[in-house]
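> Residues per chain are reported as follows:
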Amino acid sequence: MGGEVEGGGGRQLGRVLSFGIPDTALGLVMGYVEDPWDRDAISLVCRHWCRVDALSRKHVTVAMAYSTTPERLFRRFPCLESLKLKAKPRAAMFNLISDDWGGSASPWIRQLSATFHFLKKLHLRRMIVSDDDISILVRAKAHMLVSLKLDRCSGFSTPSIALVARSCKKLETLFLEESTIAENENDEWIRELATNNSVLETLNFFLTDLRASPEYLTLLVRNCQMLKTLKISECLMPDLTGLFRTAQTLQEFAGGAFEEPGQQVANRNYENYYFPPSLHRLGLHYMGANEMQILFPYSAALKKLDLQFTLLNTEDHCQIVQRCPNLEVLEARDVIGDRGLQVVAQTCKKLQRLRIERGDDDHGGLEDEQGVISQVGVMAVAQGCPELTYWAIHVSDITNAALEAVGTFSRNLNDFRLVLLDREAHITEFPLDNGVRALLRGCTKLRRFAFYVRPGVLTDVGLGYVGEFSKSIRYMLLGNVGESDNGIMQLSRGCPSLQKLELRGCVFSEHALAMAALQLKSLRYLWVQGYKASPTGADLMAMVRPFWNIEFIAPDQDGPCPDIKKQILAYYSLAGRRTDCPPSNPKTKH
Amino acid sequence: MAAEHQQQPVVVAGGSRFAVTCGLLRQYMKEQGGNGARRLAPAVAMGLVPGADAAAAVAEEPEERKPVLELFPQQAGTLKDEQQRKMKEPAERAPLTIFYGGKMVVFDDFPAEKAEELMHLAGSGNAAAAGQNALGQPSLTDMPIARKASLKRFLEKRKNRLTAGDPYPVAATESMSSKAAVKEEGAPWLGVNSALSLS
Numbered sequence: 001m002g003g004e005v006e007g008g009g010g011r012q013l014g015r016v017l018s019f020g021i022p023d024t025a026l027g028l029v030m031g032y033v034e035d036p037w038d039r040d041a042i043s044l045v046c047r048h049w050c051r052v053d054a055l056s057r058k059h060v061t062v063a064m065a066y067s068t069t070p071e072r073l074f075r076r077f078p079c080l081e082s083l084k085l086k087a088k089p090r091a092a093m094f095n096l097i098s099d100d101w102g103g104s105a106s107p108w109i110r111q112l113s114a115t116f117h118f119l120k121k122l123h124l125r126r127m128i129v130s131d132d133d134i135s136i137l138v139r140a141k142a143h144m145l146v147s148l149k150l151d152r153c154s155g156f157s158t159p160s161i162a163l164v165a166r167s168c169k170k171l172e173t174l175f176l177e178e179s180t181i182a183e184n185e186n187d188e189w190i191r192e193l194a195t196n197n198s199v200l201e202t203l204n205f206f207l208t209d210l211r212a213s214p215e216y217l218t219l220l221v222r223n224c225q226m227l228k229t230l231k232i233s234e235c236l237m238p239d240l241t242g243l244f245r246t247a248q249t250l251q252e253f254a255g256g257a258f259e260e261p262g263q264q265v266a267n268r269n270y271e272n273y274y275f276p277p278s279l280h281r282l283g284l285h286y287m288g289a290n291e292m293q294i295l296f297p298y299s300a301a302l303k304k305l306d307l308q309f310t311l312l313n314t315e316d317h318c319q320i321v322q323r324c325p326n327l328e329v330l331e332a333r334d335v336i337g338d339r340g341l342q343v344v345a346q347t348c349k350k351l352q353r354l355r356i357e358r359g360d361d362d363h364g365g366l367e368d369e370q371g372v373i374s375q376v377g378v379m380a381v382a383q384g385c386p387e388l389t390y391w392a393i394h395v396s397d398i399t400n401a402a403l404e405a406v407g408t409f410s411r412n413l414n415d416f417r418l419v420l421l422d423r424e425a426h427i428t429e430f431p432l433d434n435g436v437r438a439l440l441r442g443c444t445k446l447r448r449f450a451f452y453v454r455p456g457v458l459t460d461v462g463l464g465y466v467g468e469f470s471k472s473i474r475y476m477l478l479g480n481v482g483e484s485d486n487g488i489m490q491l492s493r494g495c496p497s498l499q500k501l502e503l504r505g506c507v508f509s510e511h512a513l514a515m516a517a518l519q520l521k522s523l524r525y526l527w528v529q530g531y532k533a534s535p536t537g538a539d540l541m542a543m544v545r546p547f548w549n550i551e552f553i554a555p556d557q558d559g560p561c562p563d564i565k566k567q568i569l570a571y572y573s574l575a576g577r578r579t580d581c582p583p584s585n586p587k588t589k590h
Numbered sequence: 001m002a003a004e005h006q007q008q009p010v011v012v013a014g015g016s017r018f019a020v021t022c023g024l025l026r027q028y029m030k031e032q033g034g035n036g037a038r039r040l041a042p043a044v045a046m047g048l049v050p051g052a053d054a055a056a057a058v059a060e061e062p063e064e065r066k067p068v069l070e071l072f073p074q075q076a077g078t079l080k081d082e083q084q085r086k087m088k089e090p091a092e093r094a095p096l097t098i099f100y101g102g103k104m105v106v107f108d109d110f111p112a113e114k115a116e117e118l119m120h121l122a123g124s125g126n127a128a129a130a131g132q133n134a135l136g137q138p139s140l141t142d143m144p145i146a147r148k149a150s151l152k153r154f155l156e157k158r159k160n161r162l163t164a165g166d167p168y169p170v171a172a173t174e175s176m177s178s179k180a181a182v183k184e185e186g187a188p189w190l191g192v193n194s195a196l197s198l199s
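In order, the protein sequence lines correspond to chains X and P.
Mapped onto the UniProt record's numbering, the consecutive letters of the first sequence carry residue numbers 1 to 590.
Mapped onto the UniProt record's numbering, the consecutive letters of the second sequence carry residue numbers 1 to 199.
It should be emphasised that the hints constitute simulated quantities derived from the structure, not laboratory data.
All figures in this text were calculated on a predicted structure; none of them were measured in a lab.
Possibly wrong hints are sitting among the right ones.
Quick list of simulated restraints, FRET-style, between CB atoms [what the hints assert, rightly or not]:
| # | chain 1 | residue 1 | chain 2 | residue 2 | range |
| --- | --- | --- | --- | --- | --- |
| 1 | P | Pro144 | X | Gly31 | 49 to 57 Å |
| 2 | X | Ala63 | P | Pro144 | 42 to 50 Å |
| 3 | X | Met226 | P | Pro144 | 27 to 35 Å |
| 4 | P | Pro144 | X | Asn184 | 30 to 38 Å |
Every residue gets a Cβ at the ideal spot worked out from N, C-alpha and C, and that includes glycine.
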């Protein structure tokens, strides 16, 4: 759709169409168009269609909060009901972005509290949200708010959550996953939520340091009878038996904890632990071999299993997975091993999402020695799990044949991410140019692609293949790829849909990066760390163009790890340059 | 809005004024340097005067942090255009903002070729002063594969749990409650934004 309306002829066609369709009909049809990409295309047809779309658009995701202003967003979409904003670069989730980078939600919250009269759902990701922000939001939107997600955010404290809990009686989703939250009133906020809200469906404070008492959690579950998802911080499983007996509608649970070795009660037995029958998605923290029987009675019904935060070895993973034929989502660390993946391939025929994270492979790590993933495991999964749409994997070895297998069998993939770890000094085969070509040729539905390897594995020729065969890829992360500037130039000749590119540890010069940015037609976001830097960043000036913000963080020689800080972030913005750059930068005049 | 502000540079004859402003800048830096250059300059984003003098001249004001360079070219096209533009409009001007030693100086109209000269000067000066060499071929040790913060925290806790089993646990609980996120110092920062007006 997008392509048809761009050219001159298409624009004319658009006018004819818009004149031919009565407004009421257009409005009705528009009500059924939900895909933002379709919406974007529609809004390009003519001013009238753009207006109809603007007034009927219910949800907008602003992938980079600095790419526009709250005022501008409101002017275009005054009737928004749902807004998602992301600020800090994705690298912040890997501790690669300094804490003072920026990303304050304040200007947004002020604007949307004052205007956006229909806003019911707010999702802030990787932003700084202050207690004041939350109180402003609550004052303006408490009667409206159905969903509040503070996703990997920081800057606020528990009394603010209590305020939300007390005031937002319609709140169905409260999501705080992996946020850094100051704890000022213990878990009083859970009691507030339990006593003031009866419609809550999702409560998520997974991967936070918030304490939660079993009493308040049980009270919450008793009062919020619609609760379907409960993801909590660490809380001992033996104390949650009452909760699970009460939570008859619960579908998903994650978090909890098992006793530390020193604290264990003798003869504790989890074989008969009760979970409600509706529970199909589980992730238990610190589950070890002694506790894994807790899953067995329920494993056949499990659709999602998160084993990332467990203490299991390879064999334990095999034991569990072979009991879970209905898994649609599986997450684990690479300790699952090739053997575990072979069991996955044999057992989990409905698997749609598979994430294998990097385990403890540092020197002196404690992971199971068998827990290594190579071409063997990758090939098995490719052949055994044809439904996969999302696959992220950390491997210790990989071959062209395995990548080819992915291209041959995993035709439904829309997101594939591979990281080649550095725990093995030697890998079986490189370069992997041909394997990558086969993968991209086969997986035609790919929208996101990450390939993080080591020098020599993907050559300039391989980067040329990536450019050539990634027609529909919108997001790409490449690490340690290419041999020279020619590589990135080859890549940038293709990739017609690439909007967001992240590069790390590559040999490209600033000038080549700048030229590539100019050449990639759809690019609107570029993040680079580790490149051939010039002392001043002056070569980046080659990519200066209208509405293109360039932020260059020079290495700090006093710091402990200068390379971590040296990075380039460039993005299209209608907002001009941002004013809340790191405080290390003196206040600017504008 | 920033872009709107940048729309109003006063176009004044440039060559002589540049020299005057540079002189002022130099004098200004010397004055600041008088506060006492107690330490060597940190990574200087842009050294205006090459050599150790410039490095020493970076002021040590309490509130000041890292030197930063900001450039706001008024007009910019693709590189191809730029080359042609340079030939056609040699006297193009744009506002230039320089952050140096924690202080900001704004030049309202700054000739493009002078800016280039300045960048060149700054580049050579910095390389000499800071002894900084460009990043070479990155190897695996230069830039280790980053681990997700959530997993990093878990693996640390896990290690503590496993070692807590031994009779002499070493501050296991202490590190369990502490967040893994490392507070980093701010870095020198350069912001560049084209200065076209918005509708």
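> Look at each hint and say if it fits the structure.
Hints, one by one, checked against the model:
1. A hinted range of 49 to 57 Å holds for the C-beta pair proline 144 of chain P and glycine 31 of chain X, which are about 50 Å apart.
2. Taken as a hint, the range 42 to 50 Å is violated for the pair alanine 63 of chain X and proline 144 of chain P, whose Cβ atoms sit roughly 28 Å apart.
3. Against the hinted window of 27 to 35 Å, the Cβ-Cβ separation of methionine 226 of chain X and proline 144 of chain P comes to about 45 Å, which falls outside the hint.
4. As the Cβ distance of proline 144 of chain P to asparagine 184 of chain X is approximately 36 Å, the hint placing it in 30 to 38 Å holds.
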